[in-house]
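Visitor: Here are the chains, one letter per residue:
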Amino acid sequence: GQNIDQPTEMTATEGAIVQINCTYQTSGFNGLFWYQQHAGEAPTFLSYNVLDGLEEKGRFSSFLSRSKGYSYLLLKELQMKDSASYLCAVRIGNTGKLIFGQGTTLQVKP
Amino acid sequence: ETGVTQTPRHLVMGMTNKKSLKCEQHLGHNAMYWYKQSAKKPLELMFVYNFKEQTENNSVPSRFSPECPNSSHLFLHLHTLQPEDSALYLCASSQDLGRSNYGYTFGSGTRLTVV
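The listed protein sequences correspond, in order, to chains D and U.
Number 139 marks the last residue of the first sequence (my numbering); no jumps.
Number 591 marks the last residue of the second sequence (my numbering); no jumps.
Looking at chain D on its own, in the form it has when it is part of the complex (with noise of 0.2 Å):
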């Protein structure tokens, strides 16, 4: 079966590092999204890996190793509007399919 693993909540300190982990057992990977979701509102595009390696965009990156089936995101100088929903999702070949994670709830604190 498909089956993507993350935390359920974090907490970090603004202005401090984050980094939320996604382990992933999936057949015919096509990709790894991650996605921010505040409360009531859609998720939104974060970032894709498809090759191993880092992504970076800002103050936001994502890691992949596809041999090891682990993701992360890394969030720096977390800012207070950072406290949302992470979720971590898998492509499954040309279907279309976005597998999810249940996500990773962060609340940053001042």
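The hints are simulated quantities; they were obtained by calculation from the structure and are not laboratory data.
Treat the hints loosely; a few may be bogus.
In silico lysine to any residue, SDA-like type, Cα no more than 20 Å apart, as pairs [stated by the list, open to error]:
hint	chain 1	residue 1	chain 2	residue 2
1	U	Lys516	D	His67
2	D	Lys110	D	Val137
3	U	Lys495	D	Lys138
4	U	Lys517	D	Pro36
5	D	Lys105	D	Pro139
6	U	Lys517	D	Thr37
7	U	Lys517	D	Gln66
8	U	Lys517	D	Glu70
9	U	Lys517	D	Thr55
10	U	Lys516	D	Pro139
11	U	Lys516	D	Asn32
12	U	Lys516	D	Lys105
13	D	Lys138	D	Asp34
14	U	Lys516	D	Ala68
15	U	Lys517	D	Lys105
Once you have looked at the hints, place chain U on chain D.
Guide: Leaving out everything else, chain U in the frame of chain D:
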């Protein structure tokens, strides 16, 4: 209007009612999706449409009936729902099924409560 628009934002319906959710995308995408988001559970894929043809039905009960008249519009018709169907229903679109680097663009969802 840009992006993916869903209406209504909130819906309360009885178990014997019939209602419809509407989704419209203005991005020129070819694929559209319905997802269900329940509390404490992962986003759950329901249906996939590509060029208005259904390509995936993730074992969804027949009380949920999708309709895709063209690549820009997607509906979810609801009838004789159960209280456990209460959830946030998200519509999404993507350029294609497997090559886009941006995954999906989501709408803001319809918060459905079945009473």
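Visitor: Look at each hint and say if it fits the structure.
Guide: Okay, the hints, checked on the actual structure:
1. U/Lys516 - D/His67: It holds: about 15 Å lies between the C-alpha atoms, which stays within 20 Å.
2. D/Lys110 - D/Val137: Between D/Lys110 and D/Val137 the Cα gap is close to 8 Å, so the pair holds against 20 Å.
3. U/Lys495 - D/Lys138: Outside the cut-off at roughly 42 Å; violated.
4. U/Lys517 - D/Pro36: 13 Å, holds
5. D/Lys105 - D/Pro139: Given that 20 Å is the threshold and the Cα spacing comes to 15 Å, the pair holds.
6. U/Lys517 - D/Thr37: 10 Å, holds
7. U/Lys517 - D/Gln66: 14 Å, holds
8. U/Lys517 - D/Glu70: Holds. U/Lys517 to D/Glu70 sits at ~16 Å (cutoff 20 Å).
9. U/Lys517 - D/Thr55: 18 Å, holds
10. U/Lys516 - D/Pro139: Violated - the C-alpha atoms of D/Pro139 and U/Lys516 are around 26 Å apart, more than 20 Å.
11. U/Lys516 - D/Asn32: 16 Å, holds
12. U/Lys516 - D/Lys105: 27 Å, violated
13. D/Lys138 - D/Asp34: 25 Å, violated
14. U/Lys516 - D/Ala68: 13 Å, holds
15. U/Lys517 - D/Lys105: 27 Å, violated
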